[in-house]
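Work out the full structure, taking the sequences as your base and the hints as a guide.
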Amino acid sequence: MKYLSLIVRSLFRSRLRTVLTLLFITLSVFLVALMQGFLGTIDALTTSAASGSRLVVQDKASFTNVIPESYGNFLRAQPEVEAVTQFQWFGGEYKDPKNFFANFAVQKDTYLRVYREEAGLDSLPPEQVRDFLMDGNGCAVGKSLADKYGWKLGDVIPLRSPIFDMTVRLNVRAIFKGKRQSDEQALIFDLKQIQEAVPWMKGRVGSFVVRVKNGRDIPKLSERIDRNFANASPETLSMSENAFNLNMMKMFGDFGTMLHSITSAVLVAILIVTASTMAMMIRERSTQIAVMRALGFTTGRVMSLLLAEGLLLSLLGGLLGVGLAMAVAKVTAGLASAVLPWMADFYIQPDTLMLCLVCTLALGLLSTFIPAYQASRKPIVEALRAL
Amino acid sequence: MMTFFFILLAPYLAWLVWAAFRYPVPLSYNWRSLWQRWVGTLATMGAVAIVVMIFVVVRSMATGVQKTYVKSGRDDQVIVLRPNARVELMSVVMRDQARLISTHPLIARDEEGPLVTTDAVVTKQVPLADGTGSMSVSVRGTTPAGIRMREQVRLVAGRWFQPNLSEAVVPRRMVGKYVGLELGHTFEMASRRWTVVGIFDGDGSAFDSEIWIDANDLTQAFHRNNAFSSVLARMRRPENAPAFIAEMESDVRLKLEAKTEPRYFAEMGDAGKPMQILGQIITVILTVGAIFAAMNTMFSAIAGRTSEIGTLRALGYRRREILASFQWEAILLTLLGGALGCLGATFFNGMQTGATSMNTFSDVGYAFAVTPALVGQGLAFSVIMGILGGFIPAWKASRMVIVEAMRG
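So the sequences go chain by chain: A and B.
Numbering of the first sequence is given in this note's numbering, commencing with residue 2 and proceeding in unit increments.
Numbering of the second sequence is given in this note's numbering, commencing with residue 3 and proceeding in unit increments.
If you're looking for bench data, these hints aren't it; they were derived computationally from the structure.
Certain hints may be false.
[To be verified] Covered stretches of chain A (in silico footprint by chain B; criterion: 3 or more residues with CB under 8 Å from a CB of chain B, positions within the stretch not fixed): (1) 63-73; (2) 154-166; (3) 222-231; (4) 293-307; (5) 312-322.
[As the list claims (entries may be wrong)] Cross-link-like lysine to any residue pairs, in silico, SDA-like; alpha carbons within 20 Å at most: (6) B:Lys-257 with A:Thr-258; (7) B:Lys-275 with A:Ala-334; (8) B:Lys-275 with A:Thr-168; (9) B:Lys-275 with A:Thr-258.
Just so you know, even glycine gets a beta-carbon here, dropped at the ideal spot from N, CA and C.
Here you go:
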């Protein structure tokens with residue numbers, strides 16, 4: 002501790018250079034934290050606690066195909082099953098194709114049971130639930146979605162779907178609050194609307210979502226369902242909702258590979274820039290270091306002082322970067338959720354935080370080691386001669 | 003955004019170019035100075051190289067997707083869909099409608115018959131060979147005319163499918179990536195076993211992401227009765243397209259939507275959009291970082307050369323000559339880094355990757371396309387970094403008081 006002021010002073014000996022290097026590290030760490038946080042958010046999304054107790058049953062050939070409504074009878078008869086709901090992606094556009102948000106048709110009453118956490122049922126006033134269930138044209142809207150378009154209870158929302166080539170006019174009957182922001186980005190309405198208007202949807206659904214009493218039963222239940230429909234046409238493909246979400250995420254592209262490779266490239270950039278700064282800083286002070294050693298500082302002490310300097314620089318940069326990332330993540334979460342609804346939950350996880358700090362510390366040590374080693378071993382006489 | 007920066011910096015840049023010819027501080031002086039401080043120079047070059055490389059590679063994804071779709075269409079071919087369907091997957095064209103369209107007098111013929119095909123498109127979940135799950139893949143049911151009309155598609159192994167035999171031909175790109183998609187192997191779809199009898203190469207077009215089977219086989223297997231997805235027709239002359247399109251839309255028996263193939267594909271270029279947006283955000287942040295690194299190196303360069311600058315000034319060099327000289331040094335520094343980055347990016351050129359189209363919900367394969375234009379953009383980008391990173395240090399250098407500077 003008694004050397005702290007010495008370390009800080011030598012670090013800021015050339016203030017401009019240190020500040021610029023610090024800014025570079027801050028920005029790079031900021032970026033790494035954002036990228037890793039983004040991946041972490043995707044990860045968290047595909048493994049949320051509630052979705053661990055749900056199962057998706059779809060057509061084996063493709064999730065864009067439809068399956069008979071009657072398959073639900075078998076699902077409901079299974080002992081592990083708590084509730085079954087029907088689901089169909091509507092892909093409706095509100096006024097303009099650019100207004101993209103999640104909207105889907107469901108069996109209303111069962112949906113509220115299967116997705117009770119996401120639909121925030123405990124916070125939804127009973128009269129809104131009743132209105133939603135009673136009105137055939139009723140829809141329930143997540144709060145942040147309603148806020149975005151300024152919808153209020155009783156408003157009429159026209160949605161045009163290019164998939165079904167139809168327009169529905171829905172009355173807002175319930176506005177629900179979810180546990181997570183991303184749960185509030187959806188609009189749901191009655192599947193009958195589509196089934197009655199589109200001939201090939203009669204008696205058919207896009208998929209079933211099954212809530213099981215115990216998440217552990219999902220593997221064997223999925224297997225039993227698929228075996229039961231093995232000789233039916235169409236066959237089914239059942240998987241946990243987590244696995245389903247993971248598949249959907251994959252559709253956006255191979256984010257994982259891309260972000261991990263950029264992360265490593267950025268880390269290399271931090272390493273070389275910090276290393277060059279430290280090398281310059283130490284080279285300029287070779288006389289000073291020689292004097293210190295002449296005064297009796299051991300090689301080891303000189304070296305640890307120099308290493309501490311590098312560590313302090315990278316740690317400062319790392320902390321600033323992570324802090325900035327956390328602040329920015331908060332702001333972006335709101336903005337980005339307009340394009341990608343699940344981005345509403347974007348935040349920098351503790352794991353990511355630790356990863357960033359450990360990485361910067363390691364980089365600080367690594368980048369200082371060689372110049373510090375050289376400086377602390379250089380013959381004193383030679384260095385002093387330059388005086 | 004880059005164009006905006008260039009317009010903003012254009013007068014300054016023009017002055018710099020003029021100064022390089024007009025003023026007598028030679029560039030070779032800057033070149034030597036750069037290498038005198040090679041540690042800092044190399045480090046900054048490296049940082050700039052990484053940023054420019056990421057910039058170029060991210061952009062090459064967008065170019066790659068575009069290239070895929072451009073290769074897929076001919077401007078004398080018109081695709082007919084259900085109104086508002088946007089993509090074949092969402093479209094329905096009934097068999098009798100298709101028959102009506104096929105007899106249209108504007109449609110071209112070759113030795114084997116009229117160049118018109120009625121296709122049906124579905125998607126199928128196919129397990130990945132590496133066992134990490136499955137992807138949604140487009141399956142196209144087409145006809146012999148449909149094969150002839152897509153000239154970029156060439157058979158590279160085996161043969162084309164025969165009707166009624168549940169045979170499939172798969173693109174070379176998918177072989178090895180998915181389970182069962184290999185010559186002679188079979189896979190299951192719609193409760194039938196399909197044999198892969200051929201492998202084709204779509205020359206980087208969107209068809210490289212589709213499994214091809216017989217159109218009637220597809221509609222039967224998927225119980226689509228008489229519902230196909232689209233009709234593709236080649237015009238006798240490209241000028242015929244507007245008239246043909248107008249008729250498709252006005253004929254009361256059809257009431258369908260038609261567009262030329264290039265336009266159809268242009269509207270589909272959305273695959274990989276989220277990746278591109280993300281990539282752009284990353285590049286912006288990194289750029290600011292790289293500018294700091296460049297600034298750092300230039301400040302050190304100037305700090306180490308104060309007496310040199312003083313001497314130059316004492317010899318009669320003017321302030322703006324010093325400014326131009328140091329600004330050029332910074333640009334040289336980042337441009338070298340940029341060139342290095344572009345070189346690194348070219349290694350990605352042609353590398354295959356995939357993303358899912360949000361329109362068709364199926365996997366679209368494309369290759370990173372590092373075009374000369376992109377390399378140019380990367381270099382221009384590094385020049386901007388040099389200007390922004392070098393200006394303040396260069397300005398400071400030019401403002402030094404001679405006597406103090408000479409004292410060192």
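**Hints that the structure is at odds with (numbers, increasing)** = 3, 4, 5, 6, 8
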